[in-house]
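Position chain B relative to chain A; hints supplied.
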Amino acid sequence: MTAAGLGNRLREHRARLGLTQAELAEKVKVTRKTINTVENRVFVPSAILALRLAAVLGVSVEEVFFLED
Amino acid sequence: MVDTNMLVRDRNRLLTAMAGIFVVWQGGLMARDLFAMADFAGADRWVAIADMIDLAGGLAWLGATILLVVFMRRVKRAEAQNVINDELFRQIQAQAMRFGFKAMLATLVLALVLEAFVELEAEIVIRAFLIVAVAAPLGAFVVMSGNAGEDAE
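Chains as they are written, first to last, in the numbering used here: chain A, 713 to 781; chain B, 77 to 229.
Hints are computed from structural coordinates only; laboratory data are not their basis.
Note that beta-carbon positions come from the ideal geometry of N, C-alpha and C, so glycine has one too.
Please note that the accuracy of each hint is not assured.
Sample of chain B residues lacking proximity to chain A, with all beta carbon distances greater than 10 Å (derived) [said to hold, decoys possible]:
hint: 1; residue: Gly-103
hint: 2; residue: Ala-204
hint: 3; residue: Val-219
Covered stretches of chain A, going by a simulated chain B footprint (3 or more residues, C-beta under 8 Å) [unchecked claim]:
hint: 4; segment: 750-762
hint: 5; segment: 765-779
Once the Cα atoms are required to be at most 20 Å apart in a straight line, the calculated EDC-like pairs of lysine to aspartate or glutamate come out as [what the hints assert, rightly or not]:
hint: 6; chain 1: A; residue 1: Lys-739; chain 2: A; residue 2: Glu-780
hint: 7; chain 1: B; residue 1: Lys-152; chain 2: B; residue 2: Glu-163
hint: 8; chain 1: A; residue 1: Lys-739; chain 2: B; residue 2: Glu-163
hint: 9; chain 1: A; residue 1: Lys-739; chain 2: A; residue 2: Glu-724
hint: 10; chain 1: A; residue 1: Lys-739; chain 2: B; residue 2: Glu-155
hint: 11; chain 1: A; residue 1: Lys-741; chain 2: B; residue 2: Glu-197
hint: 12; chain 1: B; residue 1: Lys-152; chain 2: B; residue 2: Asp-86
hint: 13; chain 1: A; residue 1: Lys-741; chain 2: B; residue 2: Glu-191
hint: 14; chain 1: A; residue 1: Lys-739; chain 2: B; residue 2: Glu-191
hint: 15; chain 1: A; residue 1: Lys-741; chain 2: B; residue 2: Asp-109
hint: 16; chain 1: B; residue 1: Lys-152; chain 2: B; residue 2: Glu-197
hint: 17; chain 1: A; residue 1: Lys-741; chain 2: B; residue 2: Asp-79
hint: 18; chain 1: B; residue 1: Lys-152; chain 2: A; residue 2: Glu-738
Just chain A, same shape as in the assembly (with noise of 0.2 Å):
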């Protein structure tokens, strides 16, 4: 599934918490590969990947994640 229509802001909220994409993936358990092509819309996490996310960022999913127009 591509990430048409959901944006995100996983690079940022991960830059802020001076991560490298292998270390979150380690903290969610899922590949760096996975991280990578969430942040590139390549891919649509579930949504309990996408509040695993949320959760070791630190913020709320809707803060992470978002609807395009």
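Below, chain B without anything else, positioned relative to chain A:
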């Protein structure tokens, strides 16, 4: 810390090797059957060559299977199954299976078309199906997985 990137990379390398080896192995067997049926001078020599290819392919497949078992133990020891089989993996796996199904349908159509012009041996057709059924999803998985998320940070 377990390097899951390395595990993913190794899995893709192993799957690439397995797809290639399977094509060589089963392709050798199919070529052997084709040459055995063919009626031309020197066919015996080609049968012998195909025999050697399928023997080498069979041995390589055995080796690849052993490597797969070793790899699975590595993953289990690292307790990294859930990480390397994450939801991106499952999505790519499903896409690769769908591609394999379409490739099988295409092979079926090709066989039906060919059947109108030449007499096809059931063994050859079944082997062709087998090759496509194994190699197409494996190859598709490796390509799709390789295309996803290349620019690491």
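- Query: For which of the previously enumerated hints does the structure constitute a violation, in increasing order of number?
  - Reply: 5, 6, 11, 13, 14, 15, 16
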